[in-house]
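Just need the whole structure built from these sequences, with the hints factored in.
Protein chains: 2
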Amino acid sequence: MQLDRLVSFHKALADPTRVRILALLARSPLHGQALAGKLGVKPPTITHHMSKLREAGLVKEKREKNTIYFHLEKTALQRKAVAILEYVERESPMKESSQEWEIVRHFFTPQGQLKHLPAQRKKRWMVLKYLMREFPPGETYTEQTINERLKKYHEDVATLRRELIIHHFMYREKGIYQPNPPELWSEMPG
Amino acid sequence: MQLDRLVSFHKALADPTRVRILALLARSPLHGQALAGKLGVKPPTITHHMSKLREAGLVKEKREKNTIYFHLEKTALQRKAVAILEYVERESPMKESSQEWEIVRHFFTPQGQLKHLPAQRKKRWMVLKYLMREFPPGETYTEQTINERLKKYHEDVATLRRELIIHHFMYREKGIYQPNPPELWSEMPG
DNA sequence: AATCTAATTAGTTATTTATCGAATTAGAGG
DNA sequence: CCTCTAATTCGATAAATAACTAATTAGATT
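Top to bottom, those sequences are chains X and F.
Under UniProt numbering, residue 190 is the last one in the first sequence; the count climbs by one each step, no gaps.
Under UniProt numbering, residue 190 is the last one in the second sequence; the count climbs by one each step, no gaps.
No lab work stands behind these hints, which were simulated from the structure alone.
Accuracy of the hints is not assured; some may be wrong.
What the hints assert, rightly or not - Taking lysine-lysine and the BS3-like style, the derived pairs with C-alpha atoms no more than 27 Å apart in a straight line are: (1) X:K11 with F:K52; (2) X:K42 with F:K152; (3) F:K123 with X:K65; (4) X:K38 with X:K52; (5) F:K11 with X:K60; (6) X:K62 with X:K11; (7) F:K42 with X:K152; (8) F:K74 with F:K52; (9) X:K62 with F:K123; (10) X:K42 with F:K11; (11) X:K42 with F:K60; (12) X:K11 with X:K65; (13) F:K42 with F:K65; (14) X:K123 with F:K74; (15) X:K11 with F:K38; (16) F:K65 with X:K115.
Owing to the predicted nature of the structure, the values given are computational and were not obtained by experimental measurement.
In structure tokens, the structure reads:
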């Protein structure tokens with residue numbers, strides 16, 4: 001789910017009256033006047049809230065004579081409720097271990113600059129893997145792009161580039177760089 | 001989770017900047033200046049957002065020298081994300097069948113008033129069960145409270161009260177009413 | 001003590017929004 | 001055509017809030 005859809009879903013739930021509406025509709029379908037009565041608000045307020053809930057895809061309605069019955073879209077609610085988890089997960093290639101980050105972070109300044117490449121092979125590998133966050137898979141990168149992005153971390157981009165290739169984090173062909181999938185990375189040393 | 005906690009959780013996620021912060025922190029802990037830099041906002045804005053996220057229990061912080069590193073409380077996020085599902089579920093004792101509701105609803109006006117108690121025993125039982133939504137288990141109720149709440153449905157609260165007792169939906173002792181758990185209810189007739 | 005940096009507070013502004021009363025629209029039924 | 005009811009729209013108001021600048025606090029280092 002894209003950011004703005006995700007945010008407007010949570011906006012829909014960021015009001016006590018709307019949450020109570022959903023709880024009522026989970027019991028049974030209700031029409032506007034009944035909701036207004038049970039919640040102690042006026043009909044225009046219900047209209048206001050229902051349009052937000054409808055926009056968020058959480059309720060649907062069925063007309064019956066002059067009356068409009070709203071019902072909860074429970075499967076949509078379930079799906080959207082967990083979307084935030086997928087969203088933060090999708091963006092986090094470092095999820096495997098926060099201990100790893102505890103080691104890696106000492107080689108970066110608070111501004112995020114790399115102080116120096118670790119001498120220890122294991123730590124060096126971790127730092128290189130960390131740098132790969134700049135190059136998500138599924139895309140290819142020119143050498144110029146690689147240089148620009150590595151420059152943010154350290155002056156000596158040539159060494160960084162070479163190390164990334166050596167450990168098979170990336171693959172180079174005719175000046176085009178391509179991130180390897182984790183299966184092709186070199187093993188984490190000792 | 002109670003309503004206001006639930007709402008303030010969703011308020012915390014109802015802003016694109018805060019969702020982006022969570023996504024960044026899912027990668028690795030970061031301090032305020034780094035967040036400000038990556039998001040293109042000023043430090044006071046970060047302070048503002050972090051206090052909301054902290055209040056919602058989604059981030060924690062660790063001081064190190066002069067710098068404060070924030071990290072995501074992922075398990076809290078997971079727990080709270082699904083809380084809305086439990087909330088709407090908990091309030092819906094009618095979930096077992098919407099066919100049941102199709103029968104029951106004919107005895108209520110669109111405003112939610114009970115037209116009359118059904119003569120058929122099975123339908124009468126269903127209507128009484130439906131009325132029990134007013135009296136969640138885990139609490140006790142005075143007769144006055146019972147009367148007030150039943151009054152919304154029908155004038156003749158005495159009959160309703162008596163029927164609820166007869167069918168063992170509630171238990172009365174010394175003028176205090178207590179809802180029975182479903183195991184103690186009388187069997188649904190027919 | 002003086003200084004540097006990160007974070008916070010205070011105060012301001014512009015935007016959003018929850019709610020209401022009054023007026024209007026949309027159907028249904030006489 | 002008239003009337004009734006449910007729902008919506010319109011306009012107004014009050015409250016919440018996201019963002020900034022400027023000033024201040026809190027620790028750490030010199």
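* Numbers of unmet hints, in rising order -> 11 and 12
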